[in-house]
Each structure stands twice: as structure tokens, then as C-alpha cells.
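So you can see what is in the structure, the chains are spelled out below.
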Amino acid sequence: MEPILTINNLTKKFGYLTAVKNLSFSIQKGNVYGILGPNGSGKSTTLGIVLNVVNKTKGDFHWFDGNVSTHDALKRVGAIIERPNFYPYMSAEQNLKLVCRIKGVSESKIDEKLAVVGLLDRKDHKFRTYSLGMKQRLAIASALLNDPEILILDEPTNGLDPQGIHQIRQIIKDIAAKGTTILLASHLLDEVEKVCSHVVVLRKGEKLYSGRVDEMINSYGFFELKTENDLALLEALKAHTNIGNVKVEGDLITAFLNGPMSASDFNKLMFEKGIFLSHLVKRKESLEEQFLQLTDNLN
Amino acid sequence: MLRLVQIEFQKLWLNKVSLVLIFISFILPFTVLILSSIKINFFGFFTLELGELGIFNFPIIWHITTFFASYFKFFFAIVVVSMIGNEYSNKTLKQNLIDGLSKKEFVLSKFYTIVFFSLCATLLIGVATFVIGMYYSSYTEATIIFREVEFLLAYFVKLVGFFSLCLFFGMLLKRSAFALAFLVILYIFEWIVFWVSVYIFGTVDAAFKVKSFMPLESMYNLINQPIQRIVMTKFPEKADIMYDYGVHWYEIAIVLGWTAIFIFLSYRLLKKRDL
Chain A
-7 MEPILTINNL TKKFGYLTAV KNLSFSIQKG NVYGILGPNG SGKSTTLGIV LNVVNKTKGD
53 FHWFDGNVST HDALKRVGAI IERPNFYPYM SAEQNLKLVC RIKGVSESKI DEKLAVVGLL
113 DRKDHKFRTY SLGMKQRLAI ASALLNDPEI LILDEPTNGL DPQGIHQIRQ IIKDIAAKGT
173 TILLASHLLD EVEKVCSHVV VLRKGEKLYS GRVDEMINSY GFFELKTEND LALLEALKAH
233 TNIGNVKVEG DLITAFLNGP MSASDFNKLM FEKGIFLSHL VKRKESLEEQ FLQLTDNLN
Chain B
-8 MLRLVQIEFQ KLWLNKVSLV LIFISFILPF TVLILSSIKI NFFGFFTLEL GELGIFNFPI
52 IWHITTFFAS YFKFFFAIVV VSMIGNEYSN KTLKQNLIDG LSKKEFVLSK FYTIVFFSLC
112 ATLLIGVATF VIGMYYSSYT EATIIFREVE FLLAYFVKLV GFFSLCLFFG MLLKRSAFAL
172 AFLVILYIFE WIVFWVSVYI FGTVDAAFKV KSFMPLESMY NLINQPIQRI VMTKFPEKAD
232 IMYDYGVHWY EIAIVLGWTA IFIFLSYRLL KKRDL
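Those protein sequence lines, which keep their order, are chains A and B.
For reference, each letter of the first sequence is one residue, going -7 to 291 in my numbering.
For reference, each letter of the second sequence is one residue, going -8 to 266 in my numbering.
I should point out that these hints are in silico values taken from the structure, not numbers from a laboratory.
A few of these clues could be false.
Claimed, not checked - Okay, derived cross-link-like pairs now, DMTMM-like style, lysine to aspartate or glutamate, Cα gap no bigger than 20 Å in a straight line:
no., chain 1, residue 1, chain 2, residue 2
1, A, LYS21, A, ASP166
2, A, LYS95, B, GLU96
3, B, LYS82, A, GLU74
4, B, LYS7, A, ASP113
5, A, LYS118, B, GLU(-1)
6, A, LYS13, B, GLU(-1)
7, B, LYS262, A, GLU185
8, B, LYS262, A, GLU(-6)
9, A, LYS101, A, GLU74
10, A, LYS67, B, GLU(-1)
11, A, LYS170, A, ASP64
12, A, LYS165, A, GLU185
This is chain A alone, in the form it adopts within the complex:
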């Protein structure tokens, strides 16, 4: 595996407030990473530090193999943070030309990247005439200009309407499909779940979890059950060793597994006991439920 970014014991203090506390994780080539955490958990600060706009208090980080300066590394990185920042009096094309000059890449890719985000026909319009969705798409085009090895996106869908959110997500998925490493910071769990393979969970500047999304919690999933004869079912569930917690909500019974069991095996077992299920679904916790479980455990 080729490392793209390595962070070791990074700490950032703003006066008395510790925004990032002893954070360590690394990003490998080819994966789509999510940084997940509620507002104010230190996501943007962490990205700010590795992008050279926020000074770290302690710890260190290095890009790629550690032999390039942050300044040079950033020319191989594409990043957008919080809001799209461009010169309002310049057109989209002029803004991108400026970015090309800063990154030291040729201007030949401007049209291509504008086409990727669907802004080619508006390239001569001034930036200030753009809607927020268009501004955000221009920011993505700008971040792609140098064909980056990693694309960093901080809350890319923040403040957009559903259509805009959908467009941005589609663009991210297309880019990820081409094998570009992506680091996506978000507080929207379904966004991370839909796009990311790996996740770093932060809360109050501390890392709660980092690893694959599907291994976030060791869980065998749960059954959602309905039957005519609730009492018999509850008794049968209590007797089974692989069933842990059981929750009853109205006529819906939720049984959490603490060992592996398939839905068909369970159905067969109930049938043998003379319990007939009118509803049987096996599910895994969504990222949201896992996230809440993870953050609750520490409270």
C-alpha cells in the first residue's frame, strides 16, 4: 500500500480550546475515506493543518513518502474547503487559469474539467453570477485541474438544494470510480455511507474509530420480526443462545444477534417450534446507528 497522508499525534489548541487532540491516522492510495463527526469535532481544523493554512500546536504529518515539502505536495493535491473561494470579478475560466498558474500546470485541461462538472457553457460568466451549486462545482473543477493524487472535500454538499447535492455526489462517485483517492469530511452520515470505504470518526477532536466502514462495529446484525403469538416468540428468543437483546416496539420485535445466524435458519427454527412469522427481515445497523452507538458508548 502506498501512503498518501500520514498524521501522527496531531494536536491543535485555540487558546483554551483543544480542537484536535492527539490525532493519528493514515490514508492509503486508492481508497475513499470519510472523516465523520458532528459540527465542531475538529474535521475542518485537521484538514486546515494538513493543507498548510492552520498552524499545528504539536505532532506532525507528512504527505506521500515524507520526502516532499507540504508546499510541493499540495501541488499534487486537490482540495476544496467549506465554501468555494474565488475572485468574484473574474470569469470561471480566468479563475481556473489563475489556479493553473499557482499549481504550475498547463491551462489545456480547463475545458475538460469544466465539462466534468457541467459548467463548460458558463465558463465566460463572472464568478459572482454563479449559484451556490455552480460555485461548488467550479471548486471541484478547480481541485481537479492538476489531476490530483488525492481529492480533499470538506462538506461539499453543505447548503445545497437536493438537486445540487445529487449532482455533487454523482461527480464524487464518478471521480472515485476512476481510482482517485478521496478524503471526504462530512457530518452527514448517509453521505459518507454512500461514498466511502474507510472512515475516521472524530468527536471533540479525538479519534473514536478509524478503519473500514463495514467493520466499524463488530455486529452480526439484527432481525425484525412480527408474529401473531408474541409471547411464544419472546420465549423462544430468550432461550436461544445466539440472540442477545430483544426490543419490543408495538407489534414489531427486534432481536439483536450476538452470533452468526442466517434469516432462513432462524425461520426454519421458528417453524419447528410452531411459531409462524408474518414478517422477517435481517438487517445490519446503518452507519448512523453505529455512529450513535460509538459516540454514546463514551458518554
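Once you have looked at the hints, place chain B on chain A.
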């Protein structure tokens, strides 16, 4: 270096306001220079011809043009503070850094632009003065023409120093209007230092010596006012109006020192700041 200048030029060139201000700061001194060099007839009452006063004679013309032209530096000063203020208000400074411009490069791109502009302004004033001088001056021997050409150097150093001060204030305060207001505050502060020095040292001369180390005063001292010198040429026998109007190496050294301090502080400020 070329890359940094190109980057800054694109930012300025496409901004209508700064473009207009740059043109004004170039064209206005010329217009004034040319207007003052032609014979103006006030509706037949009298004719005003400044050339007759002898102010367009070499070598005094170098002194006079650079002194008056330096007042037009305020137009470009507005450009300098707004080119920092806009970067903060548009948050493009943050974006520039993320895109791969280092903080050092950012400050240097502004500084190179200042030097480049000052150089252009100096060259233009130099050429215009030379042409007008050749036309009006009673003396056109090469040794007299190029005597006191050091006023051009002083003019250049003065511009670079003043714009570096503006750059630093822009960096410090992040807002163009505040930065310009701070120039006024600095001016008042220098007078306070002057009066405090009068109180401490007891003499005005000593106080002026102290003040001459302050940023604005040191820039002003590079090119002393030429009015008294014009009067001097009219009344050569009056010794009490004699004064030292020359450009001295130590005056240039003080301003260059301030320039270095301002640029370094701008960089330090940006480096320490979380954006």
C-alpha cells in the same frame, strides 16, 4: 519570480477598480506635469508660465518633479491595501495557499508587484522629466543634466518603502479602509514622538533627528520640499534660508531598513496566523 508576478498581475488586471486606480496613478502626474509645463493664458488677464520661474531647469527639475509626483502614490497605495484586503474578504488567500502557493510566495508576489510598479513609475517620471527638461532647460550639458539624477533613486526607494508599509498594514488589519486609516494614525503618532522628543531633548533639531528615523518621516526626508530651494535660487544672498535638500545614503538606508522590516513582518504575521 516571473510566475509570482504573473499571478498578481492577473488579479490586478482583471479587477476594474484597481485597474482604474493604477491608470490614474500613472496618468495623473503626467497630466499635471504637462499642464504645468505649457503656457496658460488666463483669459487675457495674465499668462502663467511656470517654465519662466526656472523650475524646469536641470538639475533642479529632477528634484521638483519627483517631489510632486510622489504625492500621487496614494492612488496606488489604495490598490496595495485593497489587494490584501480583498484576498481576506474573498477568502482567496486561503484558497491560494491550499492550491499550492506558499505563504512566502504569497507575500513575495505582492512585494514583487510593488517593486515592479515603483520601477515603472520611476522610469516614466525619469523619461518625462528628461524630455521636459530638454525642452525648457537653459542648460543642456550632459554633466548638468545628470547631476542630481539621484532624486530618481530616492523616488524609487520612497515608493517601495511606502507601499511596503501599506502592504504591512493591509496584512495586519485585513481591511483596506482600516489600513488607510492606520496611515493617518501613524502620521499622528510620529508627531507625538516628535513632541515627546522635544520634551526629552529640549531642542527641536534633536527631535527632528529622532523623527527622521520614523517610517513616514524617513520617506518624506528622502526628497525634501523644493519650494525653499526655488526661493534660494531667486535670492542667493540670503543665507538664512539655506537648507540641506540632498539625497543622502543614510536616508536611503533608513527607508530600505523599514522596507525590509515591513516585508518580513508581513510574512511573519501570515505565517503565524490561522486562516
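> What hint numbers does the structure not satisfy?
Replying inline: 4, 6, 7, 8, 9, 11
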